[in-house]
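Enquirer: Sequence:
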Amino acid sequence: MKRIISLFLIIERSLFVTQNVVSRLLVIGNGFDLKCDLKSKFEDYYNSKVDMVKTLGKMNAEFNDPSTNTEILQADVLYIAGFSRNFGNLNDNIKINFNDNNISFWDFYFYFHKEKLNNWADVEYFLNNLLTINSHKTHPELDLEKSLDMIVRFKYLRPRLSIEKSFVEEFDELKENFTADHETLVLLFVLLNNLKYDIEKHSERYLYDFLFDELNKFEKSFNDYLIALQDEKYKEKSQQLLKELSHNECYNLLSFNYTTPCTNDSSCNITQNIHGRLEDHPIIGIDSKSIGPNSPIFRFTKTYRIMTLASEKRDKLLPQNVKNIVFYGHSLAPADYSYFQSIFDYYSIYDESKEQEIKRAQFNSVSKLMSEYGTTFHNEKGENLMHKMLLEGRLILKNLE
Numbered sequence: 001m002k003r004i005i006s007l008f009l010i011i012e013r014s015l016f017v018t019q020n021v022v023s024r025l026l027v028i029g030n031g032f033d034l035k036c037d038l039k040s041k042f043e044d045y046y047n048s049k050v051d052m053v054k055t056l057g058k059m060n061a062e063f064n065d066p067s068t069n070t071e072i073l074q075a076d077v078l079y080i081a082g083f084s085r086n087f088g089n090l091n092d093n094i095k096i097n098f099n100d101n102n103i104s105f106w107d108f109y110f111y112f113h114k115e116k117l118n119n120w121a122d123v124e125y126f127l128n129n130l131l132t133i134n135s136h137k138t139h140p141e142l143d144l145e146k147s148l149d150m151i152v153r154f155k156y157l158r159p160r161l162s163i164e165k166s167f168v169e170e171f172d173e174l175k176e177n178f179t180a181d182h183e184t185l186v187l188l189f190v191l192l193n194n195l196k197y198d199i200e201k202h203s204e205r206y207l208y209d210f211l212f213d214e215l216n217k218f219e220k221s222f223n224d225y226l227i228a229l230q231d232e233k234y235k236e237k238s239q240q241l242l243k244e245l246s247h248n249e250c251y252n253l254l255s256f257n258y259t260t261p262c263t264n265d266s267s268c269n270i271t272q273n274i275h276g277r278l279e280d281h282p283i284i285g286i287d288s289k290s291i292g293p294n295s296p297i298f299r300f301t302k303t304y305r306i307m308t309l310a311s312e313k314r315d316k317l318l319p320q321n322v323k324n325i326v327f328y329g330h331s332l333a334p335a336d337y338s339y340f341q342s343i344f345d346y347y348s349i350y351d352e353s354k355e356q357e358i359k360r361a362q363f364n365s366v367s368k369l370m371s372e373y374g375t376t377f378h379n380e381k382g383e384n385l386m387h388k389m390l391l392e393g394r395l396i397l398k399n400l401e
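The numbering used here numbers the first residue of the sequence shown as 1 and each following residue consecutively.
There could be a bad hint or two in this list.
Below, in silico cross-link-like pairs of lysine-lysine (DSBU-like), each with a Cα-Cα straight-line distance of 30 angstroms or less [to be verified]:
#	residue 1	residue 2
1	58	41
2	116	155
3	39	58
4	235	41
5	116	49
6	155	49
7	233	39
8	116	146
9	289	146
Distance windows between CB atoms, simulated [what the hints assert, rightly or not]:
#	residue 1	residue 2	range
10	70	153	49 to 57 angstroms
11	216	44	39 to 47 angstroms
12	235	290	35 to 43 angstroms
13	53	155	32 to 40 angstroms
14	87	272	51 to 59 angstroms
Read the hints as simulated data drawn from the structure, not as lab findings. Because the structure is a prediction, the values reported are computed rather than measured. C-beta: ideal position from N, C-alpha, C; glycine also.
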């Protein structure tokens, strides 16, 4: 039987704490639920959607068939948008209406990349990858908005082909430069053919409204899946694990999960699900760093969505008396850097009078997180944060027995 090894990260602050005062902040991620035998992995969600996976698997097979080259995809995309075609027939083989089958754009997009999705941090990465593509130098060609703009321009020029030579020249130039990127064409095909995206209404706002609604649809589907999983065994195992992590100290719990672990003991003071609970509205989002409030994708950031979903004033989650900050089952992914930087700022972990012990499996994730936090200082001490903690013996990897 394979032994499950659980590792965790502790950042310790040197404070004198009296009994019954909150002295520990527990920060948990999906690894916590997995330790409690909850099937909350991305692949578990898909395994439960047999009919959907059968449909998406068939589509992927069509898209990746050697005979389905880029030219066929391009011809079909333009045909769906209202242009005539001389070849290409993928559209005739895949007429599934996603809206009738409760399949969202993001269900397809994530499934398209399923081989690279090992955890929910990867899901957030690919969400960010698509939404912020204009700032990606490595994949500048993957741009849905730009491609849709070109199709709209095609439709504007087409009626004037016999009138002005300049229109003919621009049309030919646009068609020549129309994206040859396979993935972009696949996503355009799904938008126009399977999700019935109205090209006549296309605009920047219409596109991001559409994608945002599709994200809500995906979140609702995943929410319903998780609700069916929580049972008495989960409650028992989650309570036991929290007892182990709390070391009998009074604690506050910050959860990045949508589930609600059992906290029926006097040690737990405040519980907060930062990304929403199953009883409310769970959210999947991207980090707000480098995304201004006027950006059309700002609404996809966790900052914006948490703010709009907040319905009441919450108790203070970060009391001054916290001695230990314990991270368990969290990937420390870039999508959550803003939260951790806020916590680190609040507790001044750079201060020499504070001692930290770092216990974590993925040392690279810790390194990236500390490096990112170091950039917030805007001086040389930020660049040296990681080295400082290593030299002082404050960065340690240990196993949770």
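Enquirer: Please name the hints from earlier in the document that this structure breaks, with their numbers sorted from lowest to highest.
Expert: 2, 6, 10 and 11
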